Amino acid sequence: MKNSDRIFGLVVILLALAYIASALQIESSFLSDPVGPRLFPLAIGGLSILAALSLVLRPDAGPDWPDLRTFARLGVALAVMVAYAYALMPYGFLIPTALAAGLLSYQIAPRPLAAALTGICLSAGLFILFKYALGLGLFALPRAWMG
Amino acid sequence: MDTLSNLAMGFGVALSPFTLMLSVIGCFLGTIIGALPGLGPSNGVAILIPLAFTLGLDATSALVLLTSVYYGAMYGGRISSILLNIPGDEPALMTTLDGYPMAKQGRAADALVLSGVASFIGGLLATLGLIIMAPLLASVAYLFGPAEYFGLYLLAFCTLGGMSSNNQAKAALAALIGLAIATIGLDNTSSMPRFTFGNMHLMDGVDFLVAIVGLFAIAEVFFFIETHGRDSAIGVKLGKITVPWRDIWKSSGTMLRSSVIGFFAGVLPGAGASLGSFLAYMVEKSISKDKASFGKGNPRGVAAPEAGNNAAAGGALVPMLTLGIPGSGTTAVLLALLMTLNIQPGPLLFSEKPQVVWGLIASLLIANVVLLVMNVPMVRIFVKILMVPPRILLPGITMISFLGIYSLSGGYFDLVLLIAFGVLGYVLRKLDVPTVPVIMGILLGGHMEDALRRGMVISDGDWTYLFSSPIAIGFWVAAIGGFIAPMFLRTVLKKPQRNLIDVED
Chain C
55 MKNSDRIFGL VVILLALAYI ASALQIESSF LSDPVGPRLF PLAIGGLSIL AALSLVLRPD
115 AGPDWPDLRT FARLGVALAV MVAYAYALMP YGFLIPTALA AGLLSYQIAP RPLAAALTGI
175 CLSAGLFILF KYALGLGLFA LPRAWMG
Chain E
36 MDTLSNLAMG FGVALSPFTL MLSVIGCFLG TIIGALPGLG PSNGVAILIP LAFTLGLDAT
96 SALVLLTSVY YGAMYGGRIS SILLNIPGDE PALMTTLDGY PMAKQGRAAD ALVLSGVASF
156 IGGLLATLGL IIMAPLLASV AYLFGPAEYF GLYLLAFCTL GGMSSNNQAK AALAALIGLA
216 IATIGLDNTS SMPRFTFGNM HLMDGVDFLV AIVGLFAIAE VFFFIETHGR DSAIGVKLGK
276 ITVPWRDIWK SSGTMLRSSV IGFFAGVLPG AGASLGSFLA YMVEKSISKD KASFGKGNPR
336 GVAAPEAGNN AAAGGALVPM LTLGIPGSGT TAVLLALLMT LNIQPGPLLF SEKPQVVWGL
396 IASLLIANVV LLVMNVPMVR IFVKILMVPP RILLPGITMI SFLGIYSLSG GYFDLVLLIA
456 FGVLGYVLRK LDVPTVPVIM GILLGGHMED ALRRGMVISD GDWTYLFSSP IAIGFWVAAI
516 GGFIAPMFLR TVLKKPQRNL IDVED
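Residue numbers (the working numbering), protein chains in the order written: chain C, 55 to 201; chain E, 36 to 540.
Hints are computed from structural coordinates only; laboratory data are not their basis. Incorrect hints may appear among the rest.
Computed from the model, here is a short list of chain E residues facing chain C with C-beta under 7 angstroms [stated by the list, open to error]:
hint	residue
1	Ala207
2	Leu208
3	Ala215
4	Ile219
5	Pro430
6	Thr433
7	Ser442
8	Gly496
Now the in silico label distances, taken between C-beta atoms and shown as ranges [claimed, not checked]:
hint	chain 1	residue 1	chain 2	residue 2	range
9	C	Ile61	E	Met44	29 to 35 angstroms
10	E	Ser494	C	Ala72	30 to 36 angstroms
11	C	Ile149	E	Ala455	21 to 27 angstroms
12	E	Gly446	C	Lys56	38 to 44 angstroms
13	C	Ile182	E	Ile276	31 to 37 angstroms
Keep in mind that this is a model prediction, so the values were computed, not measured. Even for Gly, the Cβ is constructed at its ideal location relative to N, Cα and C.
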């Protein structure tokens with residue numbers, strides 16, 4: 055199972071090519087120095103391709119990737135986090151935090167009641183901590199409800 | 036003596052009631068962070084940086100708080116190593132080898148006290164080493180120009196890469212990924228936007244705090260979900276805590292030797308505390324008369340890695356403060372803190388902001404004493420905290436990480452970036468690509484490019500300028516050697532596997 059490193063190497067090469075292409079587009083300004091803004095990125099891109107090529111040619115043994123079910127749980131956790139990032143501003147602190155913390159807790163130990171309790175307690179506790187002890191400007195409830 | 040008067044001034048700063056309180060809080064939090072498996076010192080310090088800003092702490096206070104956390108985490112790591120056979124953080128890995136067998140023989144309390152004392156000795160000697168070495172190194176570094184700095188940055192990347200991975204190509208790629216991320220945003224010299232793709236949020240570049248918390252803390256959450264968050268049930272009983280004077284006396288030589296080894300391992304750029312504890316243990320084992328007892332609960336096998344890793348933690352502060360080059364993942368995070376506070380570490384720090392440096396050093400000495408008290412008589416409190424199940428702990432850490440980053444920028448963009456770095460960290464660690472060089476690349480990339488371009492302006496584009504002084508040439512040679520040597524030393528330096536005794540029995 056050496057494919058993981060090979061795929062990683064190929065992805066890095068593609069990204070490095072894109073990076074180099076983008077670096078060539080950087081505009082020079084009239085304030086020029088002997089090196090200019092392009093050379094350092096170009097060197098990084100070039101060296102990355104070299105390192106990635108060596109990975110493609112001489113890969114290590116691959117890691118044990120988790121099975122599909124674990125991947126699904128990781129996917130859920132990822133989706134929860136992304137949704138949380140977008141929900142925090144418009145929907146206030148308490149509800150998104152309770153939902154996100156509860157769902158993450160459920161991903162670690164699938165006990166619905168315990169997870170729900172964890173979510174609610176964490177949400178309330180962190181709100182008090184951040185709002186009153188640390189003075190962060192948080193909205194408790196959805197903006198729409200507050201009028 | 037100049038040093039003594041500086042130190043006296045430092046104590047003047049550190050002994051104010053507020054700073055003292057921050058130091059105690061930092062030590063307490065740090066020990067918890069170190070003790071909890073899956074929340075190492077770099078994670079812990081990274082999560083706490085945004086909180087230090089929300090509290091509106093000034094530079095000295097923030098630094099005192101977070102370095103206390105840093106020292107505390109080094110103490111805390113041993114608790115779960117000894118009681119659970121799970122290293123609380125990476126440097127504590129070596130402590131599991133003899134600590135857990137000792138605990139299984141019913142000597143858990145002895146092991147905890149002994150390792151606490153060893154940590155104290157290591158931390159104390161390293162802080163004294165820092166007091167002696169840092170000003171010396173600063174006076175040398177005073178002479179460095181752009182060519183020397185460019186060579187030094189290269190050296191840091193090469194030695195770090197050499198030490199932190201089993202495959203040089205992967206270590207190099209990690210550093211290059213970091214450097215590439217550092218080029219995003221406005222170019223320092225010409226103010227032209229680079230790699231922003233017209234996105235306003237990217238104009239200022241990628242905030243390194245976002246990258247650090249993502250790569251460390253959020254990635255850790257993914258790992259925890261993957262491993263089902265093994266329940267951390269305490270397998271051994273902790274009896275009455277007494278001081279094992281005989282063991283402490285017998286391993287006093289071990290502690291001194293290990294502290295010296297650890298300190299110098301820490302000073303090497305990029306090596307850090309893991310190497311310190313590893314070397315200390317291996318040396319102690321190789322000079323011991325009964326090698327067979329190592330790994331079976333030899334008290335010296337507990338004292339050596341703990342003295343070694345705490346000494347390395349102090350040693351790693353030397354290059355961080357004097358050169359601006361972190362010696363480990365956690366000092367990289369501390370460097371990020373300094374940079375966010377607009378303090379540029381380096382030789383000038385010692386002459387321009389002596390109250391910051393010496394206040395920090397004094398509070399390290401204080402933190403060490405506080406930690407000895409917390410970790411020997413009061414160790415039970417931390418054992419209780421270890422019993423918090425991961426299904427509460429992990430969501431808590433995630434939410435605190437999110438809020439910390441949210442408090443910095445107040446927008447969703449950095450939160451999405453945070454998650455992206457979390458995914459990147461997970462994938463990289465899965466592929467055995469080290470993440471610390473990525474952080475170093477992001478932190479130092481700008482400086483490295485500036486050094487190169489300033490050098491070229493000075494020499495009017497003459498490339499031989501980079502090799503124009505003996506010091507610069509020395510750095511280049513050491514960098515190349517540091518990158519190549521581990522390929523040959525790998526068989527010698529192979530990390531021992533954790534002893535996987537079943538925790539349940």
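Hint check:
1. Ala207: holds, 5 angstroms
2. Leu208: holds, 5 angstroms
3. Ala215: holds, 5 angstroms
4. Ile219: For isoleucine 219 (chain E), the interface hint is violated, since the closest Cβ of chain C sits about 10 angstroms away, which is over 7 angstroms.
5. Pro430: holds, 4 angstroms
6. Thr433: holds, 6 angstroms
7. Ser442: Holds: closest Cβ of chain C sits about 5 angstroms from serine 442 (chain E), inside 7 angstroms.
8. Gly496: holds, 3 angstroms
9. C:Ile61 <-> E:Met44: 29 to 35 angstroms: Hint violated: Cβ distance 57 angstroms, outside 29 to 35 angstroms.
10. E:Ser494 <-> C:Ala72: 30 to 36 angstroms: holds, 33 angstroms
11. C:Ile149 <-> E:Ala455: 21 to 27 angstroms: holds, 25 angstroms
12. E:Gly446 <-> C:Lys56: 38 to 44 angstroms: holds, 41 angstroms
13. C:Ile182 <-> E:Ile276: 31 to 37 angstroms: holds, 34 angstroms
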